[in-house]
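Now for the letters of each chain:
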Amino acid sequence: MRAKRILVVDDDKIVLISCKRVLEAEGYQVVLVSNVEEALELLGRIHFDLMIMDIKMPDRDGLYLLEKIKKNWPLEKWEEFPILATSGYSTLDTINNLIERGAKDFLAKPFTPDELLSSVKKILRKGENHGKR
Amino acid sequence: MFSSTRTRLILSLLGVSLLVGIVSLFIGVRLLYNTVLNEAYTRIRLDLNAAREIYDSRIKNIYTALDIASLDKSINTYDSQEKLHLVSKLENIARKANLDFLGITDAEGETYCRIGPIPASEKPQEIKNPIVKYLIENYGKTAMGTVVLDRSFLMDENPSLAEQARIELIPTPRAAPIEEKIETSTMALCAAVPIYKNDKLLGVIYGGIVLSRNNEIVDTVRETVFRDEVYKGRSIGTATIFYNDIRISTNVLTPEGKRAIGTRVSEEVRNRVLVKGERWTDRAFVVSDWYITAYEPIEDIFGRKVGILYTGVLEEKYVDVRKNVVSVFILITLAGMVVSIGLGYLVANNIMRPVGRLISASQEVSRGNLNPDIGPLSASEIGVLQNTFSRMLSSLRERDKLQRAELLQSEKQASIGRLAAGVAHEINNPLTGVLTFTHLLLRRADLNEEVLSDLKVIANETERVRQIVKGLLDFSRQTELESEPTDINQLVNATVTLVDNEALVKGLKLEFLPGKSLPRITVDRSQLQSVLMNIIINAFDATEPGGSVIIKTGMGYSPGKINRKGIEISVTDTGHGIPQENLDRLFDPFFTTKDVGQGTGLGLAVSYGIVERHGGTIRVWSEVGKGSTFTIWLPLEEKGES
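Which chain is which? The protein sequence lines are A and P, in order. In this text, residue positions in the first sequence follow this note's numbering: the first is 14, and each later residue adds one. In this text, residue positions in the second sequence follow this note's numbering: the first is 34, and each later residue adds one.
So that you can see chain P by itself, here it is in the shape it has in the complex:
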């Protein structure tokens, strides 16, 4: 019991700290991680905006370059210029503006001249250039943006561009199923500017940048937006331009460390972004890692969704943040548990030490030692327990003392009783002789007065001896109780009536204050009455004229025997009191302070025996000069009577 209480205490403390630890871990990690993650999502959306900004600015650059070129005199009047001269002029512009293709068409869109190895053919041809077609069809609008260029256009413009655009598709998990193995079309940033002559459209200058394998934009995004941040040897930030769902320009790397050109976006993203045209912000599995990503569609100049712009940051960084938070929390929880074990041990020790003392003390009490060491008083509730235990011990000691005294008293009475019985029996035979012959002598008529008077003295004194012996026998005799249910107040009242006259003669005030609603108890009426009479007469004898004797009845608890309820009858006088040295001998047989011939010293001894046989007690309080109180206590429940 001892150690299990301690263990239980420690375990419950441990449980609490574990619970708090787990809850705070759970909530803390979720809260923190969600905050961090939300931050990451917000950031990635902003990053995507920045990437779009860069993408659009490149288109703007092409337009500006072409716009400025259109003002050039030789281009203004291209139809009157030498083609060779024009081409070198165009090549110069293309080099400055970093254009992959650049050319001039007439008002119908037929190519007049262009840069590249293949010169414009003389024969009329279909307008293959979508941006020029757009410009001519939507006359007056600014023509710039994203266009899809097919292989035939690229072959016309420059076969090396067609080669640049040719991308072998790499099988990608999660991507939408596809039959093609090779993509030959591509996306390009493009612009076209009209050339006027006397307010009439003379021609169009067009140019653009093929996006396939052109990583300038995505790397600029990485450099400017993500500032080339590196985590565990890998770039945190990545950007990609998709044509349809194919990566044509990216700095996402394959596990082998090459740019992941030719891999494809997951089907889920494709459907959301390319088909439905929505923005997508979520964690996504990109090629071989989890990223926090943002995707948005790229529309060409005709408003078709032809590609996707993507930015993403490695999720691992945030996962690691979570891991760190979790491990910090676990560390704190573990520390808390260690502290609670220590604390629990200390607290348990603190509590259990005095409790242990109490346990061993109570064991000692059960072995009979009523003075065990309960250790120093504790300041807590244990102290209250210790105090209570001490009080219980002292009342036990008191009770023990009282019981010993009671036992001693009744043993004393019993042995004296046996002695008295034997003596009385033996004395009664000779006494019969003395009585007989004294009375026979008294009957004789021939005796003179003097002898007769002497004989009368003998007869009287013999009578006294007989009374003493009778008292002795009364005392020793275990007279049977003839008990019956009795109203104590009635009994006391009857006794008071008997002695009323005597009090009046002595000039004493005799008063009876009956207690209310006392239950009937089973007693021997005549014996109890003789006890009462004896005590009342003693009170009369002890009290001077003018004094008072008050009798009270009421409910009371037994002295020593705790919790036993009973009825008390008390007789209080204002007499001379009983000195302390006599109190202890009060109930001893033959103890009397009365003059010789006034009492046998057996009255109280007999009374004590009677009350004891009723299972009751007689207590005495007395103070010399003030008076005495005799209290008879009788139990409520029937006690085994002998």
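Next comes chain A alone, as it looks inside the complex:
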């Protein structure tokens, strides 16, 4: 079984490094990008099993990224693509908004390694079940 490939999008380097250290220790293949354009470019070329992205409230970067992917990809592929959104500041409203726009789950910053891993495992398990069906 090949290692799951995870794309992490965040403009804060320490968050990127933290994710890389925790996820690689668990055997995931991790790719880090710090802006939306890079992420879109990579998503166009390479297959990822999961994307972890910062919403960067109150900027609109995260939402913009979601819109772009949805526009570029076929509907079926888009619907199956697992996205874990993160933010240091969020309200129930913004979380609901994200889920509506395609994010599969939300993880509030700051998080511990255990919290990150359990979120990732949960979302991947869901994806697998989905795939099997």
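Calculated directly from the structure, the hints in this document are not laboratory data. Each residue gets a CB set at the ideal place from its N, CA and C atoms; glycine is no exception. The reader is advised that the hints may include incorrect statements.
[To be verified] The list that follows gives simulated cross-link-like pairs (lysine to aspartate or glutamate, DMTMM-like), each with its CA atoms no further than 20 Å apart:
no., chain 1, residue 1, chain 2, residue 2
1, P, Lys489, A, Asp127
2, P, Lys503, A, Glu128
3, P, Lys489, A, Glu128
4, P, Lys598, P, Glu439
5, P, Lys230, P, Glu439
[Unchecked claim] Between beta-carbon pairs, the in silico distance windows are:
no., chain 1, residue 1, chain 2, residue 2, range
6, P, Leu551, A, Val44, 57 to 65 Å
7, A, Asn85, P, Asp433, 54 to 62 Å
8, P, Ala438, A, Arg18, 43 to 51 Å
9, A, Glu141, P, Asp520, 42 to 50 Å
10, P, Arg477, A, Arg18, 25 to 33 Å
11, A, Val44, P, Val490, 33 to 41 Å
12, A, Glu50, P, Glu496, 18 to 26 Å
13, A, Glu80, P, Glu496, 34 to 42 Å
14, P, Val490, A, Glu50, 50 to 58 Å
Chain A is already provided as a structure; the job is to place chain P on it using the hints.
Frame of chain A; chain P shown alone:
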């Protein structure tokens, strides 16, 4: 509005005085005039009686004169006397008694001799003298009274008497229509006395006074009854003797100032008095003026109604009395009106001045000045209004102050919230790094105990930082309310159950006194519960073992926002209380009196935000050493929630 109130006040006062004036004028004049008039009528009736008395006394005088004459020797034996001697005797008597005619007849009534230029004729003739005829026909009766004498009798007696009786009729308005132009008959006062000889009727002595143009009686009436009273150059009292309806003896004057002999009485009076024989007392138009009059019929010796006796007083005198009364009343009314205008003006000014002050004060209030000058306090109801207005102003000021304070508090919270959100967002990224690497380090097996224990301290403190930031975010986050209709007592009860154990452990008495029949209100249960929990836990922390915490619910009115009904939840403790200087900062974020690590200082700030988003308020009462009461007020009606 200002001046019209004053005008209305004055007008109504004016109206009242006018009404009273008119009514009293009407009633007063009527009453007074009627009294005066009644008095006048009574008087005129008495006057008529007096006039009748004088009239009758003249007849009596004639009778007496004749009676005395009949005892005279030469008249007693007239048939044996010389006629010349007799005539001079008769002339003497007539002069003394003022008689117009006087004569002696025999037992058959034939004239034997008489005064006057024409001697009694020798040839037998018809008895023309009605009084003698009456005496002979009614033998034994006293014969005296009024008689009607025709021209032939008068011509026989004395042609000058016929001339005296001849009266030209003067056309008179209101009189009954008549064809004759000249009246030749007349009325006379007459008497006849029998002369006896050896108890046998020997003859009759007769005599009388022709009334035509003889004003002696009417003038005597005027002199004695009316005492010659004069009003505006005219005699007030008048008297008249009518033959039929013709004035034959009067002191009523024509407009030319002559006695109104020959004029006639009005048809109305004639019919009533002469035809029906009634007395008449009323105002009547006499010749040329209105008089208050009395008329009564004159009967002759045969009982026929042959004439009228009249007395009257000028009505003008009484009309003038009425005029005077009316003008006095009008004067009084006018004076009353002037007084009421003045009084109305004064009263209106008195009332309107403070009202005017109030009006300008309220205008100032509407412009935003809550400290207007309302002028000196009035002693009347206006004073009550002024007091009420002042109280209203002070409650407005209080409300204004409260609203300002509330506004300030929520502005403070909002700006702190924005700041906290920004800071939290930025801190959360590095915090992720710190958390991650601390935990990664903790997983390493090659570390000695000392390093491991130090790392645990780092991990714990980082966790604390994370909690503080989370609290900050909770505070700043405008968490949506998930409101649903809620039984407040149930909610409080559920919360009390949660903290029951903690109270028991701390040795505190926890009591819940639910208010009866509270309506359900729409609230976010979990958020409100966290508010309640926060306040209750604070109360526990402030209270020493043995103390008590009492929770009450009930209906209450909002502070500041007048008349808004709602539900109150109060939490009262017997703790150490909150010093005054801390009360103002109680709801500020990060304000805490607890030891470091015991509280974030965000609990009450968050609670305040939640209650505020429900449209409610939190009030605090506290006294150091006695305890505190936190009161949550929530509105009954649904408020727009954000």
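Straight-line Cα separation of Lys489/P and Glu128/A no greater than 20 Å? holds, 18 Å
Between Lys598/P and Glu439/P, does the CA-CA distance stay at or below 20 Å? The given pair, whose Cα atoms are some 19 Å apart, holds under the 20 Å limit.
Supplied distance hint 50 to 58 Å, evaluated on CB atoms of Val490/P and Glu50/A: For Val490/P and Glu50/A the Cβ distance comes to about 42 Å; the hint is violated.
So if I understand the rule, the pair passes when the alpha-carbon distance is 20 Å or less; does Lys503/P with Glu128/A pass? holds, 16 Å
Cβ separation of Glu80/A and Glu496/P, checked against the hinted range 34 to 42 Å: Between Glu80/A and Glu496/P, where Cβ atoms are some 36 Å apart, the hint holds.
Taking only the CA atoms, is the gap from Lys489/P to Asp127/A under or equal to 20 Å? Given that 20 Å is the threshold and the Cα spacing comes to 16 Å, the pair holds.
Holds or violated: Lys230/P to Glu439/P, with C-alpha atoms at most 20 Å apart: violated, 144 Å
With respect to the beta-carbon atoms only, verify the hint that Ala438/P and Arg18/A lie 43 to 51 Å apart. violated, 58 Å
Take the C-beta atom of Arg477/P and the C-beta atom of Arg18/A, compute their distance, and say whether it sits inside 25 to 33 Å. holds, 27 Å
Does the Cβ pair Glu141/A, Asp520/P satisfy 42 to 50 Å? holds, 46 Å
If you check the beta carbons of Glu50/A and Glu496/P, does the distance land in 18 to 26 Å? Check failed, 36 Å falls outside 18 to 26 Å.
Does the Cβ pair Asn85/A, Asp433/P satisfy 54 to 62 Å? Between Asn85/A and Asp433/P, where Cβ atoms are some 59 Å apart, the hint holds.
The structure shown violates the earlier hints numbered 5, 8, 12, 14.
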